[in-house]
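K.L.:
Given chain S's structure and the hints, the job is docking chain H onto it.
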Amino acid sequence: MSATPIEITETRGKPRKLVERRSAPRTRGRASLNIVLALLVVYFLVPFWWLIVNSSKTAAGLFGGENALWFAEDINYLGNLVDLFTYGGGIYGRWLANTALYAVLGGVGATVLAVLAGYGFAKYRFAGRRAAFAILLGAVMVPTTALVIPTFVLFAQVGWTNTVWAVIFPSLLNPFGVYLMNVYARDAVPDELLDAARVDGAGEFRTFFRVALPMLRPAIVTVLLLSVVAVWNNYFLPLVMLSDNRLFPVTVGIGVWQSTASTYGAAGGQTLWSIIILGSLVSVIPLIIAFLALQKYWRGGLAIGSLK
Amino acid sequence: MTTSTASPPTKKGSSPFTKKGGRRSTAARQNLFGWLFVGPFGIIFLALLVVPIGYALYLSLFQKSLIGGTRFVLFGNYAKAFTDPNFLDGVWFVIRFSVVLIPLQMAISLAIALMLDIIVTRFARFSRLMIFLPYAIPTVIGALMWGFLYSENFGPLADIFGIFGAEAPDFLSKSLIFYGLLNIVTWQWAGYYMIILYAALQGIDPTLYEAARIDGASQWQIIWRIKIPLLSPALLLILVFALIGTLQFFNEPKILQELAAGSIPNDFTPNIYAFYQAFSLANYNYGAAISFALGAVVFVCVYIFLFATRKRGSFFE
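Chains S and H, in that order, give the protein sequences. Position one of the first sequence corresponds to residue 1 (this note's numbering), numbered consecutively onward. Position one of the second sequence corresponds to residue 309 (this note's numbering), numbered consecutively onward.
Okay, chain S solo, but in the shape it has when bound:
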């Protein structure tokens, strides 16, 4: 049962629809399924709705005891945005930029390493390959947070903590990405094609860049997206590594604001709460856009590891 990843993306849709259409008469069942689905969508969207509604409120509106799921009289997005980007000397903008920097350098770096290593494991029979691959599979099962404290102590000894590299370097490690690339490259890049390129006189790297890389594109986008999301969403690592708030990514920054506001209680932290809420909303928009825009890539790609 080896459905190759290419088939995943291409069998989607067409042959299925024919079968489904033929068995259409069970409409009553369909209607109830649609209702269940609609309820589920509501459940999954409620927190977003709450965030969109409440980031429009002034601090007074937020605590005014009005409907928490509907807009208040005055819509104050603009005022809150100004507050958000000017609070603490505009630190929020810096946090967003830091997150983008970590996600791009860490995510792209992890992807490059994963593509090279996955291709190497799939297409070369080098000495020690089986042992190295077994170790890699083991590493997929090591919880990443178990590495954070020892890495911190190590970095502390060479003075790397509280620098951007303390967040970027550990983010380069993505054993699961290597595993995914290996599975994909094994099936999607035929050995005959690589041999043909070699016979034509192309060197190994040229063969890789010209022949293999284009064929790996769906898997590359998937691994890139997974790596970027992992770095973008990371909290534990930067929380441990960074103490200078000008280096924080947005997750750690909002966490700090939130804990300050909670400590002051509802009364003292009122203004802070409205920028925390809007700050949360702003910070999730880039990834949502990325996911919506890159749909056709990740939809097939996410199944790579699960079909064999």
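Please keep in mind that the hints were generated in silico from the structure rather than gathered at the bench. One should not assume that every hint holds.
What follows is a set of in silico ranges between Cβ atoms, one per label pair, in the way DEER data are often shown [stated by the list, open to error]: (1) H:I536 x S:I35: 42 to 52 Å; (2) S:F85 x H:T617: 44 to 54 Å; (3) S:D74 x H:R521: 51 to 61 Å; (4) H:K372 x S:I75: 49 to 59 Å; (5) H:A476 x S:V42: 11 to 21 Å.
Take a look, some chain S residues computed to stay more than 12 Å from chain H by CB distance [claimed, not checked]: (6) V115; (7) V148; (8) G159; (9) N245; (10) T271.
Don't be surprised by glycine CBs; every beta carbon is placed ideally from N, CA and C.
P.N.:
Then chain H, alone, in the frame of chain S:
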């Protein structure tokens, strides 16, 4: 199987790498380029995985005290951890949490995937995307959003329950925080797991269903006898992800700690406890020991689990 991708020896001279030694150099070339491709990742792997694990093990063998300085205690820290009620409470919590969460999460994502596999409409496609959306949200923000929804100050729960004249449950209270967190984690990950299962369902050959229908199988029989068995590798993958993720539970309770004052102590989960030991008490040795113990437990559990199910799964090729 050392020559499967090598070019035939008769092509001698056609490639710069086979010019000199023919057959022998193909093996050398496989070695050289194999390691060139794998090498960069290998370096990162050594520096940021092997070395920290080794170092954690090393650190965990020492104990630091105010009077005696740092001294070698061999497995003293582990003996301490496994008799430390704070650590054991945390372990007990993540185990209880996993036992409830993982089946729940898998059942929900499986049910949604099966539904979306049956309904092929524009609305179904839209739903699929919306249900997946929480995956794109940082867990910190996800926890915060639900924290707001639960909160007495901002949340709608009081209003909603007020309509029926009932008092709203406080999911941030000590007695209900378990369910509060259960809901947050399910919300965050069910869509991701659903997408994996859905993609796997789409990969099943539809003629199987057709054949089953001709034999008189009902929709339910097709689900139980064909779809779910064929999904078992994907289900296994999800189970492993969920297990690894849940045992290192940290972000959500850490974020809710202030909001849910008093409900989430510093020993709530092993990771929170390790963080507290290392960074609030500067007790790096004990923190490292807890980290290492947790990592080892997760690793061994998952490894045994995968090994036991390797025939159905595929992880071990």
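K.L.:
The structure should be examined with respect to each hint, and the outcome stated for every one.
P.N.:
Each hint tested on the structure:
no.	hint	in the structure
1	H:I536 x S:I35: 42 to 52 Å	24 Å, violated
2	S:F85 x H:T617: 44 to 54 Å	51 Å, holds
3	S:D74 x H:R521: 51 to 61 Å	59 Å, holds
4	H:K372 x S:I75: 49 to 59 Å	56 Å, holds
5	H:A476 x S:V42: 11 to 21 Å	19 Å, holds
6	V115	9 Å, violated
7	V148	7 Å, violated
8	G159	16 Å, holds
9	N245	15 Å, holds
10	T271	14 Å, holds
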